[in-house]
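Trainee: As given, the protein sequences belong to chains A and B, one line each in that order.
For what it's worth, my numbering labels the leading residue of the first sequence as 1, then goes sequentially.
For what it's worth, my numbering labels the leading residue of the second sequence as 1, then goes sequentially.
One or more hints might be untrue.
Claimed, not checked - The calculated BS3-like cross-link candidates involving lysine-lysine, where the alpha carbons are at most 27 Å apart (straight line), are: (1) 372/B x 26/A; (2) 562/B x 643/A; (3) 372/A x 428/A; (4) 372/A x 26/B.
Unchecked claim - Chain A stretches covered by chain B per the calculated footprint, using a threshold of three residues with CB under 8 Å from any CB of chain B: (5) 38 to 50; (6) 106 to 118; (7) 180 to 189; (8) 413 to 422; (9) 608 to 614.
To be verified - Some chain B residues near chain A, calculated using beta-carbon distances under 10 Å: (10) 169; (11) 170; (12) 219; (13) 249; (14) 286; (15) 312; (16) 391; (17) 393; (18) 421; (19) 642; (20) 644; (21) 648.
FYI, nobody ran anything at the bench for these hints, they're computed from the structure.
In this text the structure is predicted, and so the values were computed from the model without any measurement.
Idealized CB from N, CA, C, for every residue including glycine.
Number of protein chains: 2
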Amino acid sequence: MDKGRLNKVLNPKSIAVIGASDDLAKVGGRVIHLLRRGTFPGPIFPVNPKREQVQGLRCHDSIGAITQPVDLCIVAVAASDVQAQVQQCLDAGIGGLIVLSSGYAEQDNEGAQRQAQLAELVGRYNVPMIGPNCLGVMNGNNGLVASSTFSIIDRQLLGGTLSFGTQSGAIGTYWLDMVLAAGFGVANWVSTGNEADVDLAELLDYLVDDQQTSVIGLYIEGIRNGDLFRRAAIRALAKKKPILVLKAGRSNIGATAAASHTGALAGEDTLYQAFFEQYGICRVESLTEMLDVSRVLLMQPVQPGRRTCVVSVSGGAGVLVTDAAISNGLDIPEFSPEIKASLRNILPDFATAQNPLDVTAQIATDPDLLGKVLGVLVASGEFDEMIVFCGALGNLQQPLAESIIHGIENWDRPCVVIWQANRPVAMKLLADAGIPVFSEIPPAVAALARATRMAGHWYKRPPEEPPSLPRSNDSSAAAISLTENESKAFLESRAGLQRPRGVLVRSSSEVGEKIRQLRGPFAVKLQSPQLLHKSGSGGVLLNLADVAEVTQAVANMLQLGKSSLMDCEGVLVEEMLSVQFEFLVGLRRDPVLGPVLIVGRGGVSVEVDPDVVRAFLPLSEDDVLALFGRLRTSRLYSGFRGKQAAPLADMVRVVCSLATLFQSDDTIREIEINPLGCEARGAVVALDATVWLAA
Amino acid sequence: MDKGRLNKVLNPKSIAVIGASDDLAKVGGRVIHLLRRGTFPGPIFPVNPKREQVQGLRCHDSIGAITQPVDLCIVAVAASDVQAQVQQCLDAGIGGLIVLSSGYAEQDNEGAQRQAQLAELVGRYNVPMIGPNCLGVMNGNNGLVASSTFSIIDRQLLGGTLSFGTQSGAIGTYWLDMVLAAGFGVANWVSTGNEADVDLAELLDYLVDDQQTSVIGLYIEGIRNGDLFRRAAIRALAKKKPILVLKAGRSNIGATAAASHTGALAGEDTLYQAFFEQYGICRVESLTEMLDVSRVLLMQPVQPGRRTCVVSVSGGAGVLVTDAAISNGLDIPEFSPEIKASLRNILPDFATAQNPLDVTAQIATDPDLLGKVLGVLVASGEFDEMIVFCGALGNLQQPLAESIIHGIENWDRPCVVIWQANRPVAMKLLADAGIPVFSEIPPAVAALARATRMAGHWYKRPPEEPPSLPRSNDSSAAAISLTENESKAFLESRAGLQRPRGVLVRSSSEVGEKIRQLRGPFAVKLQSPQLLHKSGSGGVLLNLADVAEVTQAVANMLQLGKSSLMDCEGVLVEEMLSVQFEFLVGLRRDPVLGPVLIVGRGGVSVEVDPDVVRAFLPLSEDDVLALFGRLRTSRLYSGFRGKQAAPLADMVRVVCSLATLFQSDDTIREIEINPLGCEARGAVVALDATVWLAA
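Looking at chain A on its own, in the form it has when it is part of the complex:
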């Protein structure tokens, strides 16, 4: 894929509109109207064989009739006519396409076929196409409004550095409206529609390199090309270019609706969540939150570090800010003796020099006090972030705002101001001075904390890029599960995974002979690929003491298998191991996001009270060790209360060899080991395991 190919769509020199109209009720009328209302400097060529002129512009019979070169062609004709028009565009050598027309995969099967043909056509010419069924694109820096939406007709597009890609046109218009209303400008805005050709991943890839874009926002229902998305996200980290996503479908019911909405294959939301966390992408819950975080990123020198000072004109509000800061992962360290001494020279006697700092009602008679206090904190160098709280104080807006601006003029780190109970004079003064100002505590603190957390990713060792895998869309293809015994044998031979000593028996009469070398107590387990959850079904007995008990159990289980008509490999008899720690290790392939590792507390808790973390391959040994550290119960494994620590280094090696196997052989569809036990003597042993192979 040519990385610059979206240039002709987002920075065209000339534009043709197929299906141009004078009627603003029609898409082809609105497009021309909005293009002309924008400040796009290049020529606009309406195309419509039935007209001489459209909205005052000379109209052309066909794209071929235009004698000048055309970079971008916007198609706004009925779906049934699109294919022929696009063919003409391609023949005419245009550089990029936007198909606004609907009537494709979002509508019915016939539309889906039409869409596949269109995608095949533009793919053959390697000409980028946005849509179909989209609202088009905008570029605030060249005045391009190539869109059919009238939703923001009362706003003027401004140039800027925020870019947004959206799989919902409507959500795109809300974002645009909110960003413009907040006074920010837009670099690129793209409604990707049905993504028959250009998808969000390709757009992201473009925006990461786009010089005009400093912050990228995305509305996602489903990613189509996880590989490209991941590579782009990793490059964005290196460039310190933040990516914010609003992802629909956190609830299952939502995910279903999202799938039917644009035909995107909805990935499981927990995997998306892990994906975003791993690649430093900030997930927000609303457009307002996205705008809040964008505000901090655009206006402040965001950097890692959690040491936060809180200065407030109200003691109570200072505590509320502190509550929000702590719950967002920021620290509120105590002031050093030096700071306390300096503050005591400034503050009234009844004030306490502590973090959060209450400057007291004294500021009503001495507004400069606030700035002096901030100056002390700025000079201290003890903090990474600053949060200033004011509220109401109608008659003191101007002096207090000026005091804040003066107080932090030498501060080179992020600061946010909260002005509770909106006060426009103060808020405008502060915003004009480049300080992000909010009217409520939790959103302000969350935005600052999120921006800071993103910056933390910029200075870590970047995530490893996976080898370029073929996009596997065959996840629905059948997989077959191996029995426990087969799975353990497979993992032992392919990844050196240890298993308990045991034998497979096929009749009760051979038990005595076969288990002679084994030491009790015994675990006895029926082996059948149809019996995945053995423990509830009578297919497992534990702690059997001797040959007699095992023989009886084997006889019963074989009878059970026979009577329930299962395919039985036999019965596995194993030595029971005393294990101190039980983990779950899972490896699976998400059809879009790729191979993923899941580690967590093992045993029955996986279902009842899961404590698991997920991360996508490839992962280094350090990465895997860090995953164990992120478990809620991680303290249990690090030698809690004088108990033995889990042999995590051994565990990590085992997990990494499994991951290497899984990455190297994509006929392995899934591996689940639960529990993977740590023996008292330190060995890591698979107590139960299942492997699924491609059929």
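Using the hints, position chain B against chain A.
Mentor: Okay, now just chain B, sitting in the frame of chain A:
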């Protein structure tokens, strides 16, 4: 305490202001100014011996010089003069006091003493006093502005049914400003200040019965009278009068600052959280959230029930609303076949009749479609709540808003509208029609869900009221802990709690004789009140097989006790029990909130990965059973995967007998049983226990 006694403060017929001034920079100047700017109809008597007139009103030399009766007296003189002035007021027979002056417990020890004297004085006369160090009170329904704050000087007080009590004057002014800016009116507003006499609990008690108040908001740093607060909250449930609280100090660091802010004893935040949940009080994280929930409560017929329908003009937004609804505990049930059939007659062919419902871009040409769809859902009777999403659509604001209003005119249940990217015309039309309208999804959905959840409490059996306990402020008094052996003996004799069979041995030589009656394996535990966490210290050995091993262990432990100079009762040798479930049961007395029960998963997880719930006594057996059901791991105890269920009925009886004991004897300061085990045969046995008694 006389329940009507706040009437003279909040509904006075006449007011005197001690320390009246012409100077608006002085408290006594601002009070007169604000009183006169309000619409309070009764006489206002300035008192200041140095003046003839104040702000155009005739001034009096002293309170005694006023010949007419005075209901409310506002004191705005220096703290050093307050006591004498208050004495004169009391002698003159005034009905209520507001002391605005600062310089009390918030300042220093001297101030705290001054405050205690003042409290003693007004207590002797049983005259209610608000403050000192407060911002006063307001009553929008009689135009009373008895306050010194100029923060809201640019707002006009409106009458209404929202009331607010606040332990921070500043937070009170922000609330007032936001409520008035949103167009709502105020019944009572009280800044309680240092609460030397009237505290939040007394105010709440008053507001619960106040006919003018329909929704109560509170800003809390610490409750002083938990008993009264609880009784008032329980009465509010019976009256279906919602209580919303913003409680500072969720983080520990915040709690410390809160304590120093008003001198309130900060309770542990988790106990407050449990308290609020138990008594149906809605805790919010910000004033904006409080206003959001208030908006729904004031404007809509809130009731229990989670079946929610979502109607949206954008598919993507419908999914986001659904995500928010599910995460807030609402359900999005499928439409019945009847609804689907009705909708198919209305919707365009390409729309899908599902919940969440996307009415598609069709509404751009047919705005009535939205109302028709809503009408079908209203008529179905299948839903408890409705959420309608619109956004932008500048030119369609009026027809769409009217369509919504028309569509839900027969709806007798709560509905909220979200209009993303603020559109004032539509939002005003909807608000004027009594429909709460929000500009963002998560706050709207959270407000609706919270209001609904509160209503759920109104129809449950009301919580039991505790017997009136003396307010115990002696929590800091010393308590002594019993050893495990003593604790178990105490609980066995007083509450019938079973313990494992065992003996106390005082020397290793008597082991053989003493444990002859017991069956191994054995648990051996050193008994000393100084050794509370035995397991990390060498004071516990488990699974010892025979007399020899036990004898050796006893010898070692006695030596350990001797060498570490602990008081040793001896060594407890017990039969090891095989238990299937381990719980923690704790009982403690919060000095403010009262006796509380804590139940949860037992063992080491209490520290590493706690799964506990808390509830205040008294509790019925049903209540306690419900507590076990609220544990994260509750499925483990109800017969998960064919395993044996925990004998919860037995467990509940044991817990209730412990709770009864704890309630009946307040010399028992704390009980902790961890683990309380369930034996395989069903018996409930204390494996470890500690009791603390008042010294």
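Trainee: Let me make sure I understand: some of the numbered hints might not hold for this structure. Which ones are they, in numerical order?
Mentor: 5, 7, 20, 21
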